[in-house]
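Required output: the full structure, derived from the provided sequences and hints.
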Amino acid sequence: MQRQAHAAIGQPLEGEGRALRRTGYLLGVSDLLWIPQAGLISIALGKMLADLSGAGAAGLQSALVSGQLFLIVAALVCLALLRTFLQNQALNGARRVAHKIQSRAREHILQVSVKRSPSADFPASGAFAARITEQVDLLGPYYRNYLPQVMRLKLVPLAIVLVTAWFSWLAALILLICGPLIPVFMALIGMRAKAASAAQQEELTRLSGMLLDRIRGLETLILFGAAERTEDDIRSAGERFRLGTMRVLKIAFLSSTVLELFSALGIAFCAVYVGFSLLGDIQFGTWGAPLTYSAGLFVLLLAPDFFAPLRAYAAAYHDRAAGIAALEKLAALIAEIGPDSPQLPECISMEHSAAVALEGISSPPSIRFSDVTLTLAGRRIFANMDLDVAPGETVFLAGPSGSGKTTLLDCLLGFHNLAEGDIRIDGKSARQVAGPLRRNVIWISQSPRLFHGSLKANLLKGVENGVPVNEDDLWQALRLAGAEELVRRLPHGLATQLGEDGFGLSVGEIRRVALARAAMRRNAALVLADEPTAGLDEDTAADVIRGLKTLTAGRTSLIASHDPAVLEMPGRTIDLVDLAAGVREGAAP
Amino acid sequence: MKAVWQIVSSQYRHDRFHFWLGILAAILPAVAGILLLGVSGWFITAAALAGLSGAFLNIFAPSAIIRALAIIRTGGRYGERVVTHDATFRFLAALRNQLFAAFVATKDRHRRSAVLLNRLTLDITALDTVYLRIVVPVLLCGVIAAGLLCVWFAISLPMFVAGAVFLGAWAGLAWVSVARADAKAARRADAASDAIRLRAADLVAGRRDLAIYGGLDAAAAPILSAADRLTVAEDVEECRATRLICLSSLVGQTFLAVSLAVAIVGTAQAAFTPALAVGLVLVVVALPELFSMALPGLARLPRTALAAKRVSALQSTPLAQTTSAQTPVIRQPGDNPALLGFEGVTFRYPGAARNVLETLSFDIRKGEVVAIAGRSGCGKSTVAAIAARMLEPRTGRVFLEGQDLRTYDEQALRRSITVLGQRAYLFNDTVAANLRIANADASEADLWAALEHAALADRIAESPLGFGTVLGEGGLGLSGGEQRRLALARAFLTRPQLFILDEMTEGLDKETSRDVLSRFLEFRGSASVLMIAHKRLELEAADRILRLPEPGHEIR
Numbered sequence: 000m001q002r003q004a005h006a007a008i009g010q011p012l013e014g015e016g017r018a019l020r021r022t023g024y025l026l027g028v029s030d031l032l033w034i035p036q037a038g039l040i041s042i043a044l045g046k047m048l049a050d051l052s053g054a055g056a057a058g059l060q061s062a063l064v065s066g067q068l069f070l071i072v073a074a075l076v077c078l079a080l081l082r083t084f085l086q087n088q089a090l091n092g093a094r095r096v097a098h099k100i101q102s103r104a105r106e107h108i109l110q111v112s113v114k115r116s117p118s119a120d121f122p123a124s125g126a127f128a129a130r131i132t133e134q135v136d137l138l139g140p141y142y143r144n145y146l147p148q149v150m151r152l153k154l155v156p157l158a159i160v161l162v163t164a165w166f167s168w169l170a171a172l173i174l175l176i177c178g179p180l181i182p183v184f185m186a187l188i189g190m191r192a193k194a195a196s197a198a199q200q201e202e203l204t205r206l207s208g209m210l211l212d213r214i215r216g217l218e219t220l221i222l223f224g225a226a227e228r229t230e231d232d233i234r235s236a237g238e239r240f241r242l243g244t245m246r247v248l249k250i251a252f253l254s255s256t257v258l259e260l261f262s263a264l265g266i267a268f269c270a271v272y273v274g275f276s277l278l279g280d281i282q283f284g285t286w287g288a289p290l291t292y293s294a295g296l297f298v299l300l301l302a303p304d305f306f307a308p309l310r311a312y313a314a315a316y317h318d319r320a321a322g323i324a325a326l327e328k329l330a331a332l333i334a335e336i337g338p339d340s341p342q343l344p345e346c347i348s349m350e351h352s353a354a355v356a357l358e359g360i361s362s363p364p365s366i367r368f369s370d371v372t373l374t375l376a377g378r379r380i381f382a383n384m385d386l387d388v389a390p391g392e393t394v395f396l397a398g399p400s401g402s403g404k405t406t407l408l409d410c411l412l413g414f415h416n417l418a419e420g421d422i423r424i425d426g427k428s429a430r431q432v433a434g435p436l437r438r439n440v441i442w443i444s445q446s447p448r449l450f451h452g453s454l455k456a457n458l459l460k461g462v463e464n465g466v467p468v469n470e471d472d473l474w475q476a477l478r479l480a481g482a483e484e485l486v487r488r489l490p491h492g493l494a495t496q497l498g499e500d501g502f503g504l505s506v507g508e509i510r511r512v513a514l515a516r517a518a519m520r521r522n523a524a525l526v527l528a529d530e531p532t533a534g535l536d537e538d539t540a541a542d543v544i545r546g547l548k549t550l551t552a553g554r555t556s557l558i559a560s561h562d563p564a565v566l567e568m569p570g571r572t573i574d575l576v577d578l579a580a581g582v583r584e585g586a587a588p
Numbered sequence: 000m001k002a003v004w005q006i007v008s009s010q011y012r013h014d015r016f017h018f019w020l021g022i023l024a025a026i027l028p029a030v031a032g033i034l035l036l037g038v039s040g041w042f043i044t045a046a047a048l049a050g051l052s053g054a055f056l057n058i059f060a061p062s063a064i065i066r067a068l069a070i071i072r073t074g075g076r077y078g079e080r081v082v083t084h085d086a087t088f089r090f091l092a093a094l095r096n097q098l099f100a101a102f103v104a105t106k107d108r109h110r111r112s113a114v115l116l117n118r119l120t121l122d123i124t125a126l127d128t129v130y131l132r133i134v135v136p137v138l139l140c141g142v143i144a145a146g147l148l149c150v151w152f153a154i155s156l157p158m159f160v161a162g163a164v165f166l167g168a169w170a171g172l173a174w175v176s177v178a179r180a181d182a183k184a185a186r187r188a189d190a191a192s193d194a195i196r197l198r199a200a201d202l203v204a205g206r207r208d209l210a211i212y213g214g215l216d217a218a219a220a221p222i223l224s225a226a227d228r229l230t231v232a233e234d235v236e237e238c239r240a241t242r243l244i245c246l247s248s249l250v251g252q253t254f255l256a257v258s259l260a261v262a263i264v265g266t267a268q269a270a271f272t273p274a275l276a277v278g279l280v281l282v283v284v285a286l287p288e289l290f291s292m293a294l295p296g297l298a299r300l301p302r303t304a305l306a307a308k309r310v311s312a313l314q315s316t317p318l319a320q321t322t323s324a325q326t327p328v329i330r331q332p333g334d335n336p337a338l339l340g341f342e343g344v345t346f347r348y349p350g351a352a353r354n355v356l357e358t359l360s361f362d363i364r365k366g367e368v369v370a371i372a373g374r375s376g377c378g379k380s381t382v383a384a385i386a387a388r389m390l391e392p393r394t395g396r397v398f399l400e401g402q403d404l405r406t407y408d409e410q411a412l413r414r415s416i417t418v419l420g421q422r423a424y425l426f427n428d429t430v431a432a433n434l435r436i437a438n439a440d441a442s443e444a445d446l447w448a449a450l451e452h453a454a455l456a457d458r459i460a461e462s463p464l465g466f467g468t469v470l471g472e473g474g475l476g477l478s479g480g481e482q483r484r485l486a487l488a489r490a491f492l493t494r495p496q497l498f499i500l501d502e503m504t505e506g507l508d509k510e511t512s513r514d515v516l517s518r519f520l521e522f523r524g525s526a527s528v529l530m531i532a533h534k535r536l537e538l539e540a541a542d543r544i545l546r547l548p549e550p551g552h553e554i555r
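Protein chains in written order, with numbering that gives the first Met the number 0: chain A, 0 to 588; chain B, 0 to 555.
Hints are computed from structural coordinates only; laboratory data are not their basis. Quantities reported herein were computed from a predicted structural model and do not represent experimental measurements. Beta carbons: idealized from backbone N, C-alpha and C, even for Gly. Treat the hints with care, since some could be wrong.
DSSO-like cross-link-like pairs, simulated, lysine-lysine; straight-line CA separation at most 27 angstroms [unchecked claim]: (1) A/Lys548 <-> B/Lys509; (2) A/Lys114 <-> A/Lys99; (3) B/Lys183 <-> B/Lys308; (4) A/Lys99 <-> A/Lys328; (5) A/Lys99 <-> B/Lys183; (6) A/Lys455 <-> A/Lys548.
Derived coverage of chain A by chain B (criterion: at least 3 residues anywhere in the stretch with Cβ under 8 angstroms from a Cβ of chain B; other residues may be distant) [claimed, not checked]: (7) 37-51; (8) 215-226; (9) 237-248; (10) 442-448.
Here are some chain A residues the structure puts well away from chain B; computed CB gaps all over 10 angstroms [to be verified]: (11) Ser118; (12) Gly461; (13) Asp472.
Written out as structure tokens, the structure is:
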């Protein structure tokens, strides 16, 4: 995973860029094989005409017997097989490279996002999910279709013009005039269309968003009797969108119409020119000798393929726009959550130090904050703060919201980089033990999340890999959290599937299950709780406090709360406002 | 595939005129494109023969025809695109409406997964390929093929036979791509994509929990493996598409070689003129582009079918019971002066092992404030949902003003009851639009008065756009308490006979709870209140407290 750190997100590596260019050349060569094919067809038909006018139908028949026609047909089919083979190679190669780039982009995003401190800002989960699926998906067509087409465009039209010019400079001139005019006009129209279509794309996003928003809030709409009115709103918004989109498309289609027009006119002019010079009405346009029938037919056969790469390029141009927009969005995401923003000071996957450190905190640790100063987003949270917690002691952190209760707990978990000072857990630097500590701490938050999967799988997240756990342990933890009854009531018990965010459980039920998850860590020596009873009804709160009492026994505990019921528990209460007194004077303007 | 067919037929039924118009519009440029090459080939050969023999050739008609075909092809393509896209967008707009109406009508009022709802929008957008990339090209190819076969038959039998064989080969490719469609790979790709979506959302929203329980690295691993599965499945799909495209181009080129032989042999046998022979060959040059048009759409058919299936499934979810069918049961007025009455109500959630509510009976008189208390999970919110007719009791009856709730007119019911829930939904729309959901006719003065009453007027007035301020993502971020106040202001725009408060102050601190509650009680006037409560504050405000028993226990 290390090598990707150097490449920008979603960009091909050097070898991949080369491979994509090579697939473009393969496509081009496959196209260029049409030149010998067209040549064979022109020769065959030219010879037919010559035989016919020379010796009549009899001459033609004798020529057929000689087997020349059979050879020509066989050669055409062989060339066709070769072309198809090259095309197949090119398409498959481009696809493989594109998939590699996409996989790497997904890995890159994940790699960066798991390194980011959980207490740092992060994009909304829905937006993140959309980036890693839809936006990365859009890279596929960009690399697979667009880039090879660029190489094909560089190769094929030029070669066809040169071959055409060999027989007739005028026909080549027709192609040369029609060809380059296309991009000019397309660009003129395209620029207008681009701005309009970007606006329209946003409008589509808005429209889809509106539909989803209304479906999510459907209950509210029904309760206020507003569902029918909303149907009308959605209808008129959809109609507005259709009219707007059609306005945009009418412009956008003009640019491809220009392409069609010039390619159709190019073919028509070539045909008319060839026809007139064969009649003898036009005497110029060649290098001296008059145009032969075979040469004229050859020129006419090549004309459509001069325009074909241009048309394919124009068709793939949409993939380019989408791909580049996706690259920008992904780069913005990486910039937002990447290495330049606050990091977890230490990688979670540093397994080697784990064993040593774990041993160190297997008994209730002491905690010492000495001279700690921390600034977050320009705001000073702690200034020269000192705090000592004895092994096995329970300390309550009180103070109004914003006084840094959560931040203090986050510091112990290693989610922040200290500006100054030192935090020691059992005499070891908190930064060093943070990783292993996270894997063996009882941590209870005010808004715990449960995850997609079975209830049992959620509880097992509390258990270190490889530690054997039986069903009784699970029930014991649930009992401690006052959640036994509710799990027994569920139709599938421990096997009940939860959706994202504990989908299917009520807020109070999620809190109890989360408490049980914390209680699975029976070997933990440290308890950290952040407003464990916030927003809970009295019964649930009582269950949580009861569980908390059991958990704090024999462990060092830090509990942030302003709930009187929690503060009634035995222990020392510290007011963070007093402790972090430096905050007032040191506050940033 | 059935689902795709359903989409096609529903688009057809939705707007037949535009459906056919799009197909007709596609035929014109296709024919012009074929003739352009054919006539050109015929013309230069005729010109060459005339040049050699000195015979007279009317050159103006063919050259004019060639130029006219060039123009028709161009203009026709433009018209085709506009017409077919318009037809598609008309249909998609109607589809969105249908889906919303279906959601309104479903019985299933459960909260839906936001991530999977997002997928729905992608599905709807994916359905535009049905008409544009499948229906139009396939029908177009059919019409052109029939036309070509007729012309070839009239000219020469060998040409007809060769044409029939190769057109048959293209039809075979199309048939194989439909009949042998790899639905499994498509399903795998979709499932992998869903897994990435769900787990990535989990990874972000639960970062803090994951950092401590289970580890972020471990949470990223299933996303990576889902991404690998996605790549493998997509590879299978795209490999098929590539093979299809390559085979199609091979068919086209072989056809060209064979038609060359047929043309020359036919000329030698004097079956047709040399000019016509060259014209026939050049027509074949133009065909591969046309007949390969439908293939990309057909190759993606399995994925489109899955999207269509999901959308159709939503469209046909079971409808809510029709309320008018039942005979109204009306309590005698003297019998009971209650505004709301529960009579032996039992309720059980689908799939649950036992009843949440067991023969619950109570009355709320006019003007009374009744609190319902009990442990979480004992069915308090269920009572609220049943009273608001969001759920149907399993047995027993609910009466509103003496009339059976089941027979109550929907409009009248919503006017009579206002529900203030703990999850007040605010729409991603302006403040005014959010408020007017409660009362579409409310004047600006009404809105301000309601905001004033909810102590939110100052906050809204602060923002430069005032009522026009958009709430939610990228708009005004209201705190939890402010959101609750806005929901309260919304309720203040109604004048119901019964308010149902479902843990209105849940998650609010004491100060805010007290303020919100007192403002509400001041406003309610003579309306009755059914309050689902657990805070002492709320219980104290009630005239009467009804304690629900623990599930499975008898009422105390």
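Hint numbers contradicted by this structure: 11 and 12
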